[in-house]
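Engineer: We have chain U; now place chain F onto it with these hints.
Chains U and F are the protein sequences, given in the same order. Counting from 1, position 125 in the first sequence corresponds to residue 125 in my numbering; the numbering is continuous, with no gaps. Basically my numbering = 1-based index in the second sequence + 1000.
Please note that the accuracy of each hint is not assured.
Part of the chain F face toward chain U, derived, beta carbon under 7 Å [said to hold, decoys possible]: (1) I1017; (2) R1020; (3) V1023; (4) Q1027; (5) G1071; (6) G1081; (7) A1082.
Per label pair, the in silico range of CB-to-CB distance [as the list claims (entries may be wrong)]: (8) U:L48 x F:R1020: 18 to 28 Å; (9) F:L1207 x U:P89: 45 to 55 Å; (10) U:H151 x F:R1128: 22 to 32 Å; (11) U:A159 x F:L1037: 41 to 51 Å; (12) F:V1172 x U:P72: 40 to 50 Å; (13) U:G74 x F:L1117: 53 to 63 Å; (14) F:V1204 x U:D197: 53 to 63 Å; (15) U:E214 x F:G1157: 53 to 63 Å; (16) F:G1124 x U:D160: 45 to 55 Å.
Calculated from the structure, these hints are not laboratory results. Just so you know, these numbers come straight off a predicted model, no measurement behind them. By construction, the Cβ of each residue, glycine as well, lies at the ideal position given by its N, Cα and C atoms.
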Amino acid sequence: MRTRPVPLTIRRTVAEPRPRGFAADRDASLPLTPVSSVVRLRSAVCLLGRFPALAGLDLDLDAGGVVLLSGPNGAGKTTLLKLLAGLLPLHSGEATVLGTDLGLDRRSHRRRLALVGHDTGCYDDLTVRENLRFAARAAGGHAGSADAAMHRLGLDPIADVVHARLSAGQRRRLALAVALGRDPELLLLDEPHAGLDAEGREVLDALLRDARAEGRTVLVASHELDRTRALADREVVVRGGRAYPVEAA
Amino acid sequence: MSLLAEVRLVAAKDLRIEARSRVLLAQVLPFGAIVVLLFAFALDPDRGVLARVAPGLFWIAVLLAALLAIGRAFALEQAHGARDGLRLAGLDPASVFLGKAAAIVVQLLVLEVVLGLGVVVLYGVDLRGGAVLAVAAVAATLGLASTGTLYGVLAAGLRARETLLPLLLLPVLAPVMLGATRAFEDALDGATADAWPWVALLVVFALLYTGVGMLAFGPLWEDA
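With the rest of the complex left out, here is chain U:
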């Protein structure tokens, strides 16, 4: 693989050739998803203090598909995901996510996406079930979707255990269930494999495959390259706060 500089344009249409080595080459049953822009970044700059964590990043993503974000530590992957989620402000450039201009409004699109970051975003003194139901209700959903997500991630046996007593892997599953319970159009995953055991990784893989089949757009920042590449339609390398597409060998 080799990289080329920005701008990067990813369009997930069936007619478009895909890079070799990705899951899409092996899966001819992908749904035909109408092309519509989910993410559009132009010269996006995001500062952490005075450090430009994103230094003029360009990125276009259309609806549907799994995109792997790779790159070394400190390259800006987590910052990019947080910017897309509206958790960090855009300092200059343009950023539109799910039709919302993040330069003007960082909140309106949040209920249509989910971010699984390094933390669970949950409360130590609430149980798995309570955390899931609270998150679902707060995002405008209902308890049923939270319970379904709990079942899908295999959390039923620990539904009444408080967050403080969960292992790292169980917390990661809970974070994924919280995200799933929100039924997001755009799913942002930051190192989702971290802390998961073999069974948990299988569940995550299945979740990614299902998300792709359901037409969701999934952006996965990961160092588990081989595993994630097998599930991804495309790969983007983030380095020095900029994005570079990976082309077919």
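Structural biologist: Structure of chain F alone, referenced to chain U:
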């Protein structure tokens, strides 16, 4: 979801966490009781002095204990990125402000009842003017909670938040302390007519800070 439903959701979550963690029962209440007790020891030689200054001592004890409750309300949002989880949920920041303030109000009212009983017993205070006391306590508590919630989120983003919160909050709460103390003094002296203007001051302050909080909380919540 309506604003009221969101407020109830956030308040219920905070109260459920407090009920389960028992921080109010195990830490905040004992702390307030110790403060009340220490005042009694310090001024014990003259019980007349204790009864005379009881309203001021009561509200100082409430204020110091409230600092713990307010700090706790935002500490639980800092752990495990819960604040980001709440932000991602897309809740109206005004709902988060009102929900957290409502949960603090409930906790402080419980605290005030317990400390009030302690003051009556330890300081030898004769309870009079119950209606004024109740209205003044509710208004002062609302002011405390609104101001505390606003400054709590402001301090939450700072590294030295534990020490900065009292430094930022205590000067702003001087009108509440003044109004609540004077209203309680007048009520306990039987001069309820003199107490109502102080109660009015407390109500104005509470409404003002609730309104300011609803407007100002959003940017602070996003950028803290």
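Engineer: For each hint, tell me whether it holds in the structure or not.
Structural biologist: Going through the hints against the structure:
1. Residue-level restraint check for I1017 (chain F) holds (minimum Cβ-Cβ distance to chain U is 5 Å; threshold 7 Å).
2. With its C-beta approaching chain U no nearer than about 4 Å, R1020 (chain F) sits inside the 7 Å limit, and its interface hint holds.
3. A cut of 7 Å between beta carbons decides the hint on V1023 (chain F): the least distance to chain U is about 9 Å, and the hint is violated.
4. Taking 7 Å as the C-beta cut-off, the interface hint given for Q1027 (chain F) is violated, the closest approach to chain U being about 14 Å.
5. This hint is violated: G1071 (chain F) has a C-beta 16 Å from the nearest C-beta of chain U, more than the 7 Å allowed.
6. Proximity of G1081 (chain F) to chain U holds as hinted, the smallest CB-CB distance being about 3 Å (cut-off 7 Å).
7. With 7 Å as the threshold, the beta carbon of A1082 (chain F) comes within range of chain U, its nearest partner Cβ sitting at about 6 Å, so the hint holds.
8. Separated by about 35 Å at the C-beta atoms, L48 (chain U) and R1020 (chain F) break the suggested range of 18 to 28 Å.
9. At about 32 Å, the beta-carbon gap between L1207 (chain F) and P89 (chain U) misses the expected band of 45 to 55 Å.
10. Checked against the given bound of 22 to 32 Å, the beta carbons of H151 (chain U) and R1128 (chain F), roughly 60 Å apart, lie outside it.
11. A159 (chain U) and L1037 (chain F) have their C-beta atoms about 43 Å apart, which keeps the hinted 41 to 51 Å range intact.
12. Here the CB-CB span from V1172 (chain F) to P72 (chain U) is close to 46 Å, well matched to the stated 40 to 50 Å.
13. At roughly 57 Å, the beta-carbon separation of G74 (chain U) and L1117 (chain F) lies within the given 53 to 63 Å, and the hint holds.
14. Distance hint check for V1204 (chain F) and D197 (chain U): the Cβ-Cβ separation is about 59 Å, which falls inside the suggested range of 53 to 63 Å.
15. Under the hint 53 to 63 Å, the C-beta atoms of E214 (chain U) and G1157 (chain F), about 37 Å apart, miss the expected range.
16. Remark: the range hint 45 to 55 Å for G1124 (chain F) to D160 (chain U) is upheld by a beta-carbon distance near 48 Å.
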